[in-house]
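Asks: Chain residues, written in single-letter form:
Number of protein chains: 2
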Amino acid sequence: MKNQIGYSVLIFCCCNALSLGGQNKFANLAPVKFSNVQITDAFWKPRMDKVANVTVPVCIDQTEVKTGRIRNFERVAGTRDGKFEGIFYDDSDVYKALEAMAYTLKIKPDPKLEAKCDEWIDKIAAAQQKDGYINTYYTLTGLDKRWTDMSMHEDYNTGHLLEAAVAYYNATGKRKLLDVGIRMVEHMMSLFGPGKTHWVTGHQELELALVKVYQVTNDKRFLDFSHWLLEERGHGYAHGYTWTDWKDTAYAQDIKPVSLTTEITGHAVRAMYLYTGAADVAAYTGDESYLKAMNTVWDDVVERNMYITGGIGSSGSNEGFSKDYDLPNERAYCETCASVGMVFWNQRMNRLTGQTKFIDVLEKSLYNGALDGLSLAGDRFFYGNPLASSGTHFRREWFGTACCPSNIARLIASLGDYIYASDPQSIYVNLFVGSNTTIDLAKGKVEIRQETEYPWKGLIKLTVNPEKAQSFALKIRLPGWAKGNPGAGALYKFLDEGPTNFATLKVNGQAQNLKLDNGYLIVERNWNKGDVVELNLAMPIRRVVARDEVKDNENRMALQRGPLVYCVEGVDHNGSAWNLIVPDQVVFTPQWQPDLLGGVMTLTGTGMAIVPTKDGIGAQTIKQKISAVPYFSWCNRGSNQMLVWLPRKVKEIKIP
Amino acid sequence: MKNQIGYSVLIFCCCNALSLGGQNKFANLAPVKFSNVQITDAFWKPRMDKVANVTVPVCIDQTEVKTGRIRNFERVAGTRDGKFEGIFYDDSDVYKALEAMAYTLKIKPDPKLEAKCDEWIDKIAAAQQKDGYINTYYTLTGLDKRWTDMSMHEDYNTGHLLEAAVAYYNATGKRKLLDVGIRMVEHMMSLFGPGKTHWVTGHQELELALVKVYQVTNDKRFLDFSHWLLEERGHGYAHGYTWTDWKDTAYAQDIKPVSLTTEITGHAVRAMYLYTGAADVAAYTGDESYLKAMNTVWDDVVERNMYITGGIGSSGSNEGFSKDYDLPNERAYCETCASVGMVFWNQRMNRLTGQTKFIDVLEKSLYNGALDGLSLAGDRFFYGNPLASSGTHFRREWFGTACCPSNIARLIASLGDYIYASDPQSIYVNLFVGSNTTIDLAKGKVEIRQETEYPWKGLIKLTVNPEKAQSFALKIRLPGWAKGNPGAGALYKFLDEGPTNFATLKVNGQAQNLKLDNGYLIVERNWNKGDVVELNLAMPIRRVVARDEVKDNENRMALQRGPLVYCVEGVDHNGSAWNLIVPDQVVFTPQWQPDLLGGVMTLTGTGMAIVPTKDGIGAQTIKQKISAVPYFSWCNRGSNQMLVWLPRKVKEIKIP
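Here the protein sequences line up with chains P and Y, keeping their order. For the first sequence, my numbering assigns the number 235 to the initial residue and increments by one for each residue that follows. For the second sequence, my numbering assigns the number 235 to the initial residue and increments by one for each residue that follows.
This is chain P alone, in the form it adopts within the complex (with noise of 0.2 Å):
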């Protein structure tokens, strides 16, 4: 299957194993959309309003006027003049501020946002050529070049031309964004394709777009061509700047073929887009060696090369991985979207093994290294997000490289994808967001409202009103937080043992035995409208520690709190964090603080801090109360000095 002889063979074979999902062995839960849950979430709500009255149109501005993005379209349609400005791919920044556009449209219309749209979309169609190709850098630079070198982003382009056009298809019932992007693919699929040229992409996206695109048309040569594409990887088809200049066959994973793959490698963003397209496919073909492929994958993901905030991709270098371990704070790169391509990941490896594994995952990544990017007023944004901060990380208004304002823009837009899921007799319910929605079962449709404080407070109440009495499954995660770990694998622990009864669970008010499978807390009965379940998991505070194979975290520990991740900043210590030490005797108390960094839970106790003598010639051990904030809120009250992993003891000084 990965020789290049059986090359076709293989595809003969997959196309006539396409299908939708639940024909093959996997679990395929199927996903509920966000246009069905309304979202209600005290923690949630507000960060989306946000979202739709600040960012998208910060992402807008950029995009119209400050880099002028949309100017390169125009451009190609011959109605401004000038040269290409700006980067190979910075048509992707129109698309995605597009996307984020839409899916707020479709949480909150709005007759002037959806006009921008449309002029949005008339310019891009304006820019497509006769035979489909769009793409304003090699229009306006020189099409002879076209489709010569792999990692220029052609590809990824199309990607979030594809995305943004399911999105805003979704969300308004337009269809001309997507028959550009139509057009663009099948022009590429005039050039590439099995018997034609080879293609792999340089920068993975445009495989799980395509799966988006069959899923609105049923059109099955879109995850044929997806499919095809992922099969390309690893024979040594590839070139490109970053397989040729650089002599990188890592950087965009292409080592080895996709369910060959045993090591994460290479740029995060594009290995965590890859593995997204890839399970897509999988869900579809059935192919379990990319299931097992994926799943080694992850392990290597988790149990070596994963940040306690859910964050990956060490390296500033390669914006990806290094060795195994190597996890260091204050150079950890964690790029915004690395984080969102996890949530993307985990999402569609719960979807096809249903565990509960993979959304304590996306949790993990979701409200700390992808939630962090994005300043509470909405209008600021982290490019990396690390661990540590001496002082000088700050929030920019905007990036050269601008891939990740618009992609924390459109994951938040579209959380309600993530809270839910289901398969013909069960329930899931994933995240615990205050929401509404109504799920088609085998027996009929069944509203679930849920109510919680959550990630303050561990209640969840689940009222279930089936429109006619019917017996199902409801499948309520039980987060990997509240069974004793910390982190999805061994990478990390929590420090004591914490107590032993961490979750309860009530039916209409009485107490019930938990059943766990996969991962979820069982409710299998009949229900009748207004069932009412309530799980309460406790919260207390615990210390985090990492193996000792992750050298900066030596001595060290980490306060997390059901799944949010804290840290210590300099502003609320004097200015400095990085000189505190926390014994492990010293205790904890939650306090909520609702006039603090828009409403916080903190985590304050006594500990100590080591400060210069007066004389400024020697140095001296103070008490000193120490007070952490959820990490994702750090960094909103200026640049300080910031700090996850605490100092338990001291080995060492340093006079920065």
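It cannot be assumed that every hint is accurate.
The list makes no distinction among identical chains, and a pair is therefore deemed to hold if it is satisfied within one copy or across any two copies.
[To be verified] Straight-line alpha carbon distances no greater than 20 Å define the calculated DMTMM-like cross-link-like pairs of lysine to aspartate or glutamate that follow:
id : residue 1 : residue 2
1  : K888      : D786
2  : K481      : E319
3  : K740      : E687
4  : K888      : D849
5  : K888      : D479
6  : K848      : E564
7  : K317      : D482
8  : K848      : E788
9  : K885      : D786
10 : K481      : D383
11 : K885      : D849
12 : K695      : E685
13 : K883      : D849
14 : K317      : D613
15 : K888      : E788
16 : K317      : D479
17 : K857      : E886
18 : K526      : E537
19 : K885      : D806
20 : K300      : E886
21 : K848      : D818
Everything labelled a hint here was simulated from the structure, so no lab data went into it.
On the provided structure of chain P, position chain Y as indicated by the hints.
Replies: The following block gives chain Y in isolation, referenced to the frame of chain P:
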């Protein structure tokens, strides 16, 4: 002179002005070539032997076997199979190794080494195309693409070919490689030049190399072509990936024409090679606008962008310059090649102006920033030379981009180039290195014998042996550090006043009044055989502080003695260096340690250290003997903490 239209006029004007040095308004000191200088120095001679006996063989082994850079030439010639291997600029590794080999041959004839050179030269010559083109990357990957991307180092490789060719011609009189180089240049000149196609060198180097070819051939076409290449910059002619993809015109100093440049920008090595070539050309053309621009840029370097070690290029992301005063210590890039480039450029500036301040900086870069790049054993290298290390920086066997090893090798092998200069009536002693030379003055030859234990001691004894008695000026550089300036500008200053009489001068035992001109001590007399001049420079240990604008050096000082900058290493302080405090009242004394690091003067005093308490949950301040070693010698006892800028007091503590 800078506009496009006046261009060809310029070339013709300049051609008329071309002549050997001495015919224009510049000082035009004549260099004294290393081949006419016998080095007897206790500090440098063993280092030169190490380069000949260890470094050059390491370069040969890497070039032939380990990285096999020579193999691409064999592939072009058809004597070996396989695809191009390595990176497109790898031919230059072969040329630079060859250049170092040639210098070594000149110092220490070695028939085996010469045979190896001839063997390589045969392989190189066999890889030249019929039209003169020589570049294994394009020849093996597609000649149709040659000369399409100015960033692809075709010019840079050619420059290093020419430098090697001139060096080997000078060493042996054999001109095979020189002819290869000239054919390549003639090929280039058939394509590029006035009235032909534009070419902006993407990595400057060819300019200075062409002047070397001019100097050995006296063929003015090469000087003209160098001048033309310089004049191509800053007009928007360039294309290539650093311009097109990176959108970075500053990277290769293409923002403005050379003569209008006011600021140092971009890639540090490119800048140094550019200004070296520009100074070389100006020496012949007498172009004062070049000199004015270079003086302005030089001020920008030494006043705002140079480390106390003479290293430049603080930023790793562009291997170059960032903002003024942005001189981080641990993240300091300070490429070895950039310090080598500082030596080249400052030598040329001294020749043009006759001013010692350029040699002050040359000396600083040579003894600190550049020399640091080579291990004491001669077989390990630094690419970057930071001024602080948390213990992770280490000397490597070689690099993927292997510019630095052969660059430091060729510099040390040709050290003799930098010691003396002359004009018809004067001998200039620029560096204090035990050596003998004979210099041709207007009135006859003069032998100079220099004896010194510099940089450890400040006594320099010069014996003057004119062929026959004659009057001339002996001009001895009075170093900037001996005039109260540690850095040649206002960026650094000595903390304390220090002694007022730094220098004493005797002629034949008689004390002399000091007479200074352009920074040189002038001794003008009628010289007889055996006349002895003794310069004695006091070498107190000085504390250097940086301007307040250098935030990274706030509350810190560096130790300097003579031209040497010092550092502290963890290995001398129980493993830690970043916890030391050196209040201003600590007195340091020099101690000669013959068995340490090949013999060094250490500086010792009693300061303080902040160390953890025994229970590990606090810190205390203790007395600590502090022993500083010369910066160039650090990291020869394993990776460990290192610090150049020592805290004078403590404002903050960090627990690492």
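Asks: Next step is simple, just say for each hint if it's right about the structure.
Replies: Hints, one by one, checked against the model:
| no. | hint | result |
| --- | --- | --- |
| 1 | K888 / D786 | both (15 Å within a copy, 14 Å between copies) |
| 2 | K481 / E319 | between (28 Å within a copy, 9 Å between copies) |
| 3 | K740 / E687 | within (17 Å within a copy, 88 Å between copies) |
| 4 | K888 / D849 | both (18 Å within a copy, 18 Å between copies) |
| 5 | K888 / D479 | neither (40 Å within a copy, 41 Å between copies) |
| 6 | K848 / E564 | neither (29 Å within a copy, 27 Å between copies) |
| 7 | K317 / D482 | between (31 Å within a copy, 16 Å between copies) |
| 8 | K848 / E788 | between (31 Å within a copy, 18 Å between copies) |
| 9 | K885 / D786 | within (13 Å within a copy, 24 Å between copies) |
| 10 | K481 / D383 | both (14 Å within a copy, 18 Å between copies) |
| 11 | K885 / D849 | between (24 Å within a copy, 10 Å between copies) |
| 12 | K695 / E685 | within (5 Å within a copy, 90 Å between copies) |
| 13 | K883 / D849 | between (25 Å within a copy, 8 Å between copies) |
| 14 | K317 / D613 | neither (30 Å within a copy, 50 Å between copies) |
| 15 | K888 / E788 | both (16 Å within a copy, 15 Å between copies) |
| 16 | K317 / D479 | between (26 Å within a copy, 14 Å between copies) |
| 17 | K857 / E886 | both (19 Å within a copy, 16 Å between copies) |
| 18 | K526 / E537 | within (16 Å within a copy, 60 Å between copies) |
| 19 | K885 / D806 | between (24 Å within a copy, 18 Å between copies) |
| 20 | K300 / E886 | neither (47 Å within a copy, 40 Å between copies) |
| 21 | K848 / D818 | between (29 Å within a copy, 16 Å between copies) |
Checked against the numbered hints given earlier, this structure breaks hints 5, 6, 14, 20; the rest are met.
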